[in-house]
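Trainee: The listed protein sequences derive, respectively, from chains A and B.
The numbering used here puts the first residue of the first sequence at 536, with every later residue one more than the last.
The numbering used here puts the first residue of the second sequence at 1304, with every later residue one more than the last.
Keep in mind that a hint or two might mislead.
To be verified - Derived lysine-lysine pairs resembling DSBU-like cross-links, with alpha carbons at most 30 Å apart:
1) A/K663 with B/K1322
2) A/K667 with B/K1418
3) B/K1348 with B/K1418
4) B/K1348 with A/K667
For the record, the hints were derived by calculation from the structure and aren't laboratory data.
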Amino acid sequence: MGGRAEFFGPVVREDDEPVFGARWEARTFGLMNVAGATGLSPNFEAMRDAMRRLPREVYLAGYYRRWLGGVENVLADQGHLAPGELDARVQRGDGAASPAPVPRDIAVRGELLRRSLRSRYPPAVAAKLLPKRFGTVRVTRHQPRFAVGDRIVVRAPRAAGHTRQPAYVTGRPGVVTARLGATLFPDALAVGRHEPPQHLYTVAFAGRDLFGDEAEPGTEVRIDLYESYLVPA
Amino acid sequence: MTDDPAVRVEALEALLVEKGLVDPALVDDVIAHYETNVGPLNGAKVVARAWAEPAFHDRLLADGTAAIAEMGYGGAEGHLLIAVENTPAVHNVVVCTLCSCYPWPVLGLPPRWYKSPEYRSRMVAQPRAVLAEMGLELADDVRVRVWDSSAEARYMVVPERPAGTEGLGLEELERLVTRDAMIGVARALAPDA
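Given these sequences and hints, build the entire structure.
Mentor: This is the structure:
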């Protein structure tokens, strides 16, 4: 949505906003996390891709409405929901469920999630285990193509399908300001395609290089971009 | 067919429970975790310590993930945490234009405005105007650096330590560090505020 004037408007802050605005938002958030942690959804990138594929009116109907649509899509992709099954259940309207036992592999992963729900962790766990479990940083033998200080241009056009390359930096010149190591490539991860990890860079863009004369003076945007998004300037 | 999300999510959960794919008690536990265990108080403790302890400040800016791990924080959406520091010359502010990426372990779940199309679209293009509307006027000679956190890393802002806080202890400092200051849309509170 970056820089898209059709969405511009006042940013409205609310006082004392609760963590969840409604019970359904909390259930949606909880279901999404449980689906991700127990393997019903393969990874978070697939969930993001599932949101991207939603009809525009659902995508724009609010954060948790979008998540709910994403969960529905990803569960359908994974064969956990048959086409029309949820709509039929909605129409039947009987909320009460008779629980079936959860198979052992899902239950074990669920228990791992339950144990991870703590306010604090032993420092060694927080430093080593949690980043491995939740992050996608990987070791790679590929040497990074760019160094800090290199001038780049973001490739154009963007790849079709799911990507973490925003439109507003596409085709724009920037400077590499940091190397963040290599991670699994989200564009591939989202669709279950196996690809080697890619180096990730922080790239700085001057406001005027992104927004021309409309840019405010003395502003810049820094954004993390994968190696395949970048070409030497 | 209804599109009421409350009805849809209830039906979805009922289906998954009947299929033996989801344990509803685990969904309860996840919700309770984000309502009670994590929130911006975690980040406030991190910032207060960085203000008070120069060695920790340096570790936080060098490797945010490792520094918050020292304090016991980490987990989903905090697996590659980068802390960026406001100075008299540079003001940092965080947005996610692609979705609503946010450092959950230190800030909790994002407020509604952070997830709004208005904030996500405008902050990269008109940061000074948005900040001014939100009550943060910046001098023309302060550079504005907008972090669009839409890949692996999550960003938190270390606000400038307010004047007149030299004698304060950690707990008093923590109370000055708001969620909005750690997103970069506000300054830390003044000690007499």
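Trainee: Against this structure, judge whether each hint is valid.
Mentor: So, going through the hints one by one against the coordinates:
no.	hint	result
1	A/K663 with B/K1322	violated, 35 Å
2	A/K667 with B/K1418	holds, 27 Å
3	B/K1348 with B/K1418	holds, 24 Å
4	B/K1348 with A/K667	holds, 24 Å
Violation of the numbered hints given earlier is confined to hint 1; every other hint is satisfied by the structure.
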